[in-house]
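Those protein sequences? They're chains A and B, same order as listed. Take the first sequence: its position 95, counted from the start at 1, is 95 in the numbering used here, and no numbers get skipped. Take the second sequence: its position 241, counted from the start at 1, is 241 in the numbering used here, and no numbers get skipped.
Watch out, some of these pointers could steer you wrong.
Said to hold, decoys possible - Listed below are the simulated EDC-like cross-link pairs for lysine to aspartate or glutamate, each with C-alpha atoms no more than 20 Å apart in a straight line: (1) B:Lys258 x A:Asp8; (2) A:Lys314 x B:Asp42; (3) B:Lys96 x B:Asp42; (4) B:Lys327 x A:Asp53.
What the hints assert, rightly or not - Residues of chain A clear of chain B, computed beta-carbon distances all greater than 10 Å: (5) Thr141; (6) Leu188; (7) Met225.
These are computed hints drawn from the structure, not numbers from a lab. The C-beta atom is built at its ideal place from N, Cα and C for all residues, glycine as well.
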Amino acid sequence: MEGLLNSDAFAAASAVVRPASCWFAWARRMLLLLGSTLVLAGVIFFFAYNWSDIGKFAKFGLIESVIIACVVGACLCGRGRLSGKTLILSASVLVGVLLAVYGQIYQTGADAYELFFGWAALILGWVIVSQFAALWVVWLTLVNIGAWLYWEQVGDAQGIRYESLCLAAAALNAAALALREVGVRKGLQWLAGQWLRGVLIAAPLVTLSFPVFDLIFEFEGPEAMTVAASLGWLLAAAGGYACYRLALPDMIPLAVIVLNACILLLTLIAKLLFDDSGIKSSVVFLLFAIVILVIVSAAAFWLRRTAAAMAADKREAAR
Amino acid sequence: MSDRSLTIRQLLAHPAVRDFVSSEDEAGISESLGKSHRTPEDPLYIRILLGAGAWFAAVFLVLFLLAADILEGGSETIGFGFVFLVAAIVIAIARKITFLSQLSLALTFAGNGMVVVGVAIESDMNSFSAVVIAHAAVCAAVYPLCANSIYRFLAPTLLATLATVWIIEEEAFVLIHALIAAETLAAGVLLLRKTSPGRMLKPLVYSAAAMPAATLLILSHTQIEIWRTNFDQPMWPSSVLLAGGLAYLYLDLAGGLKRLGEPWMILAIVSTILLGAFTTPGILAAVGLLVAGYAFGDRILTIMSYIFLPLFLVIFYYALNIDLAHKSWVIGGSGAVLLAARRLAERCAPREESI
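Looking at chain A on its own, in the form it has when it is part of the complex (with noise of 0.2 Å):
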């Protein structure tokens, strides 16, 4: 769009960059997503208003029946195609659907994390056939919920600290960044989605940074806890840098990274100044604005640098 080509040639090199095909697959993969987004959406809507005029075999059999649909839908397609792992996917959320109507049917008293636990482990096998990203990271997302709702109704109850249940949910999260990082490796296409690799790598960081922002705010009496899982985070942030600067070089993870240390060290400041300092609170206000500006520039400026020293590594490599 420099306007250096008359509107023939345009026209022409267009075509040539992007034939009509690859319009055709590009509204075809738009129209399957929103399709069978609204359609599910409809399905779950009908049994929200239907629900007590439905009996409980019928509700079953119709959950079960739509079930069973998409996943012979599915071997139909093919799992490679994306008609195929939506219906994988369709099938997935509609096993949550199927557990929380057994649940309100019968009445079994369990706890909500159970349910989470259940989906996931019920999906476990369609999520490995499925080589489909987004449904790894619905999985995901249904064992972290699960673990979080353990804790509220069980652990914490039990003495567990939640310091215990960020480590651990840090290190699940990070394990599954290590296997994208190793299946891409391996030659798995379906993982190479970049937002895959920035999702898994602010899961980690965003969970443990809940212990950092208590050391921040109880910081004269901390529990050894919240230390050692407040290191947790320095590990993690300092392994990623290490790995997406040297190993596998990328700029998003960094980027996380830089977000999720400034939001931290500016929380600290902000404490600081507002609580600890004395300091007129005038003055403070206009203090932390300077503040802010100096810890964005710094990082803006460190990530331009890297950035740049990352694409003349990349052009000595190419060479």
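Given chain A, put chain B in place with the hints provided.
What follows is chain B alone, placed relative to chain A:
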């Protein structure tokens, strides 16, 4: 479809392209390629970081002025706003180092906000139009001088948002369609121009592309009863405008009016008209962003479409004035129609040589 990437020279030598490229074109391209590269723009994540940092710093700067009892009335607020804006422009022109750019952006945010709030205080909050005019004036004056893409994107988008709020507050609902028409026209002209927008206009291109969706998103709040105003204006004129804009976009991308008779083009235009007839115009605006994002390989437009499309879908179905039983059929039915359109699209797919 080949996954092999082409260089510009290979593309120009391609049999489908070379007959259209004159020797003057080739000379111009060679000269352009030979020139030293401009400083690359910051990636999106750095711009988000800088924008968020400057915004928070601006908030604390204003809090400082308030806590120090410096801002005591509308005129002081406007005065300090102007001082901040002038300082921001001087700093931006003087040096390009990161901290000073950030300081300049924070001062611009704070200055713009203070001028607008000061005008609101001076007008006793009676006339929102004064706020819109104040922001428009500041935006027009600062845009060419403040060489910051974040401000250049946010300020015009905020202007469209404030104009929408003004129309709703004044209950001059028919003006919404005029606003949508102006925004669609601006987006079309800026997105489809054949020359590079350059650094100055590029943020305005993104802003113009986001404006129709931002306006309709603000408007949709009146439909879900969050806002007190009862918006009772039919939305079909906006739907017609946006459907027309989308049809023009399809034709322009496909190579002009000669494609109008192609079955796939007819399918695309008919689908758009049906979408406009049976849903909300916001969905059309989001689809426009989606198509433009894919056509130009632009990640920012695509991300905006991914944000707006689900929002409009949820709002549309939430606001449907029917019970949940009918709603479930309508939603499921809409999904089935889209899946049927997908099947139909397979039959209408063009042969490769027809493009």
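Checking each numbered hint in turn, tell me which of them this model violates, lowest number first. Those not satisfied: there are none.
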